[in-house]
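Participant: Here is how the chains run, residue by residue.
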Amino acid sequence: MTAVSPDAGRIWTAARGPVLIGVIILFAAVVITLLRGGGEGGSLDPRSYRPEGSHAVAALLEQNGVRVELTDNVSSVEGATLFVTHPDLIDPERLSELSRRAAATVLLAPATEVGKVEVETRQPGCPLASKAGPATTGGFVYEGEQRCYDSTLVRTGTVTTIGFGAIFTNRDLDEEGNAALALALLGQHDRLVWYLPSAADRSQQKSFTDLIPDGWKFAAWQLGIAAVVIALWRARRLGRVVPERLPVVVRAAETVEGRARLYRRSHASAHAAAVLRQAARDRLTPLLGLPHGEDPSEEIARRTSRSAGSVRTLLYDEVPVDDRGLVALADELDALENEVRKG
Amino acid sequence: MALTGRAGLLALIGVLFVGLLLPSWQGILLVLAVLLACVVVDLALAAGVRRLTFVRAGASSVRTGELCSVQLTVQNPGRRLRGVLRDAWAPSAGVVADRVPVDVPAGGSRTFSFDLRPVRRGDRIADRVTVRSIGPLGIAARQGSHVVPWTVRALPPFHSRRHLPPLLERLRELDGRRASLIRGAGTEFDSLRAYVIGDDVRSIDWRASARSSDVVVRTWRPERDRQVTIVLDTARTAAGRVEGALGGVPRLDAAMDAALLLSALASQARDQVDFLAFSHKVRASVPRATLPVLVQAMAPLEAELVEFDARGVVAEVLRRAGRRSLVVLLTSLEPSIEHGLLPLLPALASRHRLLIASVSDPAVHAMAAGRGDLESVYAAAAAERTLAERRHLTALLARHGVDVVDALPDDLPRALADRYLSLKAAGKL
Chain R
1 MTAVSPDAGR IWTAARGPVL IGVIILFAAV VITLLRGGGE GGSLDPRSYR PEGSHAVAAL
61 LEQNGVRVEL TDNVSSVEGA TLFVTHPDLI DPERLSELSR RAAATVLLAP ATEVGKVEVE
121 TRQPGCPLAS KAGPATTGGF VYEGEQRCYD STLVRTGTVT TIGFGAIFTN RDLDEEGNAA
181 LALALLGQHD RLVWYLPSAA DRSQQKSFTD LIPDGWKFAA WQLGIAAVVI ALWRARRLGR
241 VVPERLPVVV RAAETVEGRA RLYRRSHASA HAAAVLRQAA RDRLTPLLGL PHGEDPSEEI
301 ARRTSRSAGS VRTLLYDEVP VDDRGLVALA DELDALENEV RKG
Chain Y
1 MALTGRAGLL ALIGVLFVGL LLPSWQGILL VLAVLLACVV VDLALAAGVR RLTFVRAGAS
61 SVRTGELCSV QLTVQNPGRR LRGVLRDAWA PSAGVVADRV PVDVPAGGSR TFSFDLRPVR
121 RGDRIADRVT VRSIGPLGIA ARQGSHVVPW TVRALPPFHS RRHLPPLLER LRELDGRRAS
181 LIRGAGTEFD SLRAYVIGDD VRSIDWRASA RSSDVVVRTW RPERDRQVTI VLDTARTAAG
241 RVEGALGGVP RLDAAMDAAL LLSALASQAR DQVDFLAFSH KVRASVPRAT LPVLVQAMAP
301 LEAELVEFDA RGVVAEVLRR AGRRSLVVLL TSLEPSIEHG LLPLLPALAS RHRLLIASVS
361 DPAVHAMAAG RGDLESVYAA AAAERTLAER RHLTALLARH GVDVVDALPD DLPRALADRY
421 LSLKAAGKL
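Residue numbers (UniProt numbering), protein chains in the order written: chain R, 1 to 343; chain Y, 1 to 429.
Quick caveat, the hints were computed from the structure, so don't treat them as lab data. Check the hints yourself; a few may be wrong.
[Stated by the list, open to error] Going by beta-carbon spacing under 8 Å, a handful of chain R positions derived as facing chain Y:
{"id": "1", "residue": "V321"}
{"id": "2", "residue": "D322"}
{"id": "3", "residue": "D331"}
[Said to hold, decoys possible] Partial pick of chain R residues on the chain Y-facing surface, computed with a CB cut under 10 Å:
{"id": "4", "residue": "T2"}
{"id": "5", "residue": "V229"}
{"id": "6", "residue": "A253"}
{"id": "7", "residue": "A272"}
{"id": "8", "residue": "A280"}
{"id": "9", "residue": "V327"}
[As the list claims (entries may be wrong)] Have a look at the derived ranges for each label pair, beta carbon to beta carbon:
{"id": "10", "chain 1": "Y", "residue 1": "G58", "chain 2": "R", "residue 2": "L246", "range": "22 to 28 Å"}
{"id": "11", "chain 1": "Y", "residue 1": "L396", "chain 2": "R", "residue 2": "D295", "range": "19 to 25 Å"}
{"id": "12", "chain 1": "Y", "residue 1": "L9", "chain 2": "R", "residue 2": "E244", "range": "32 to 38 Å"}
Cβ atoms here follow ideal geometry from the backbone N, Cα and C, with glycine treated the same way.
Could you build the full structure based on these sequences and the hints that come with them?
Facilitator: Rendered as structure tokens:
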């Protein structure tokens, strides 16, 4: 049998390790999620026990006979107090419609402020909160019919606006008259709708996906599936990539080039000049019919118009040359050689 | 398994179906179910790949760069097989087209031919044969691979064989077998024969002519039945790439070309050729080599990154060559020879004649001619330094009675053969 493709048994042997790891990860994720349960919650969440949560005030309200309904999607607010923790996340039209229907509305720090002040303990200075006494307020300053705490708490009709949420948090509830103020605001009626808007409530404007007919949303899903199928079709290789052991191949001149760079870096112009002169002499002597190593200057002088002295200086001079001189020397040696070859 | 383009097309048609007719999760699930059912049906009905059997035939060796073909026969014991077959080879095997459509009837067999043009010398090994068997709907396919071993040995290209006819012509001149105005230049007395017009009058044997009624000339022939030992250096320096007329090749390949031309010529001249490839140990050894055996022995050789063991090679040559022979060492003239080979030369030279053939690098010669700017001049100095070292080595070796042929890769085979012929003519073998 020449087949080398894996059969079912070998696939299982190879895959069980990764599959086991995947199952363990999935199991661990489920267990952790179950254990941590719903004990979560963000700031001003009446279920949250964290310092920035609001479980304490919700519990106090329950004790005083106020039914607290936590919601992130309000439907019925008739006869109830509506407490909106993030009014800016709700469409203004919808918010005004809700507050019209609600018996009382408390808005926390909406973006309709006229100024900002420090957060600190303030005196009420108005009949509305006189029972509560001093409380931790600040943040935004608003315009309104009744103004308390230096205009950080105002009421217009049934709508109360407060500039800072400290009085509702577990951390600050027991400070000064915070608890009394919170209960006075939220306990106006025996039902409280605690509205924690989510990001989805931000606007009722139609987004791109809303404009597509519903049918084509499913078609888009199907398009995704088709893309996966096409990817699978293209990704499957017809046999493995063939490896090949390549022989060691180095450019033979690499060592010579390396030596040239070394000369250059160390500015070995004197050495390079000596080598070039020696090479020129080695080429000239056989050309002139002289034995190896003999001084060719006299013979060159006889054949060309140059003087023996100048030729000797060119071929033997030991005076070091600089980089520029080296380039010139190479050209001069070439010129001399050409003259000898012609002459 | 594998999917085909049709599966993707079906999924795309599903988009229209979901969008226009059934825009719901049910619609998507329906399309998926149909797709899955088609895939399952196709996989179930596609011919099995695992039970296919394969037989190979065809070329087992080819000159590098030339075309050969290898046949692959597929025997299908199961259902009709339709699909694609890929016969995978390493890239340097140079397969012209490695995938073919297949259609093998149930219980039948088909033969496919694959053309190979190896681009590199050595053993080119077939990798796997992969078959994708597509089901009757053409949506999914079974796929599997088989190992069907086959090796095509890419032989040295022997480009220098075009030099052989003129060299053989010269050999015949030496031999005196060709009537020519030049006196037969051999050194061994061969025979006497009647004078024909055109023979050199200086070769008339007057003594023999006096005894005979005709004018008789002496014929000479070059020495024969000498031994030529070709030693190929496959160590470090052989890996260096040099540029030739046919692109860059390792020095080793250029040396092989020269070795092949020399051995072809020497066996025509009725000398006995022994071949030895050596790095730090014997890599290949062919006693009494003929050309076909030699190219087979050379084909798988590759240069190794080890230092050439001169001591080992001298011992090996002395051990093998019983009688006096011409030892041709194909290596590179590097300064390391001075310490490695030079001290051992007396032992070798006392019994054999040594000829060192070296592949020189055209790039170094080009660098030596560089002028104009500082970089070129420094490069020229470095190249001149290297060339001076080689000249020094050549002189040093010549003083020990060693002939040196140092030539560019394209010229080396001819230069080496010429040197061999001139040694032969001079009776120095």
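Participant: All hints are to be evaluated individually against the structure, with a verdict given for each.
Facilitator: To see whether the hints hold, each was checked on the structure:
no., hint, verdict
1, V321, "violated, 11 Å"
2, D322, "violated, 10 Å"
3, D331, "holds, 6 Å"
4, T2, "holds, 4 Å"
5, V229, "holds, 4 Å"
6, A253, "holds, 4 Å"
7, A272, "holds, 4 Å"
8, A280, "holds, 9 Å"
9, V327, "holds, 5 Å"
10, Y:G58 <-> R:L246: 22 to 28 Å, "holds, 25 Å"
11, Y:L396 <-> R:D295: 19 to 25 Å, "holds, 23 Å"
12, Y:L9 <-> R:E244: 32 to 38 Å, "holds, 37 Å"
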